[in-house]
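Chemist: The lines below spell out each chain.
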Amino acid sequence: MKSAVIVFPGSNCDRDCKVAIERSTGSSVDMVWHQETALPSGLDLIVLPGGFSYGDYLRCGAMAALSPVMTEVKAAAERGVAVVGICNGFQVLCEAGMLPGALLRNARLKYICKAVTLDVTNIQTRFSTGYAASREAVMTVGNGEGNFFAEEAQLDRIEGDGQVVFRYRDNPNGSARNIAGIVNGKGNVLGLMPHPDRSFETELGSDDGALLFQSALASA
Amino acid sequence: MKAKVHVFLKPGVLDVQGKAIEGAVHTLGFGGVSDVRVGRMIEFDIAGTDRAALEAEVKTLCDRLLANTVIESYRVELI
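These protein sequences, in sequence, are chains A and B. Per my numbering, residue 1 is the first one in the first sequence, and the count goes up by one each step. Per my numbering, residue 1 is the first one in the second sequence, and the count goes up by one each step.
Please keep in mind that the hints were generated in silico from the structure rather than gathered at the bench. Please note that a few of the clues may not be correct.
[What the hints assert, rightly or not] SDA-like, lysine to any residue: derived pairs with alpha carbons at most 20 Å apart: (1) B:K10 to A:N106; (2) A:K110 to A:A153; (3) A:K186 to B:A24; (4) A:K110 to B:A20; (5) A:K74 to B:R64; (6) B:K19 to A:K114; (7) B:K10 to A:L155; (8) A:K110 to B:R64; (9) A:K114 to A:G144; (10) A:K110 to B:V13; (11) B:K10 to A:P100.
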């Protein structure tokens, strides 16, 4: 098993992701700087971590989406490598056009940092098979712009295609149709606002996040 | 030439900043103010004299970086 965490200037959950993946799965984790023009070979999982890449200037994730390494991340996703964007990483994936929709300012303008309960609405993606028994997960969110938006027709489409993986049970930020996490059409790119990397051991309040990394690497 | 790009959330996309400002405006007693929208203006110099070509170039730049057309619309001014 081999994973990589992409590090952008302003990423602040990159180390959390590394430790979370290592402890949850035993996978090795390489840290890859955003200016790299090649990824380590033989990757099973690529994670775009949370944080404030480029200080959230212009729009969250907008500049990071144009980083040199993202060309390689896109190519890897095309080849079928699993890619997970967490929080700012989700924003980067949307800005890069690798996932539909966008993340808006939270509906009540507040930065929200708390544990949330998620319903796992599709347990058949490669990121969610581990939730087959519980069909729910507790993770923490920490964001000011986590309000998922897409046009109604697109929302109908992604719901119809089973692309919604996680939904908030109690919507904290105004996200359309309570969406907390989605996959792309091919099912190998996941973006979610809650942090599995902050919820991978019971000492952190929940170890439900570990299942996500374990699911993603189950076939590796 | 100087380019000015105005970027706003599309109509129909909730502008929470605009709403908050509108509330404060009403607190100040300006009851006639409504539909406050917050956007951004990005200004830069761009080399060239062919107006149509420059406008096309700036629009491409808007689509690729300066605006996220999933949620935002933009207007280009060349001066």
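Chemist: Holds or violated: K110 (chain A) and A20 (chain B), Cα atoms, limit 20 Å.
Modeler: OK: K110 (chain A) and A20 (chain B) at ~12 Å, within 20 Å.
Chemist: Is the Cα-Cα distance between K10 (chain B) and N106 (chain A) 20 Å or less?
Modeler: holds (17 Å)
Chemist: Between K114 (chain A) and G144 (chain A), does the CA-CA distance stay at or below 20 Å?
Modeler: holds (12 Å)
Chemist: Quick one, are K110 (chain A) and V13 (chain B) close enough, alpha carbons at most 20 Å?
Modeler: holds (18 Å)
Chemist: Taking 20 Å as the top limit, are the C-alpha atoms of K19 (chain B) and K114 (chain A) close enough?
Modeler: Violated, at roughly 25 Å.
Chemist: Quickly compare the C-alpha distance for K10 (chain B) and L155 (chain A) to 20 Å and report which way the hint goes.
Modeler: holds (17 Å)
Chemist: Has the given pair, K74 (chain A) with R64 (chain B), been kept, meaning a C-alpha gap of at most 20 Å?
Modeler: holds (16 Å)
Chemist: Given the hint that K186 (chain A) pairs with A24 (chain B), test it: the Cα-Cα distance must not exceed 20 Å.
Modeler: violated (46 Å)
Chemist: So if I understand the rule, the pair passes when the alpha-carbon distance is 20 Å or less; does K110 (chain A) with A153 (chain A) pass?
Modeler: violated (28 Å)
Chemist: Taking only the CA atoms, is the gap from K10 (chain B) to P100 (chain A) under or equal to 20 Å?
Modeler: Between K10 (chain B) and P100 (chain A) the Cα gap is close to 17 Å, so the pair holds against 20 Å.
Chemist: Going straight from one Cα to the other, do K110 (chain A) and R64 (chain B) come out at no more than 20 Å?
Modeler: Distance of about 29 Å is beyond 20 Å: violated.
In summary, the numbered hints that this structure violates are 2, 3, 6, 8.
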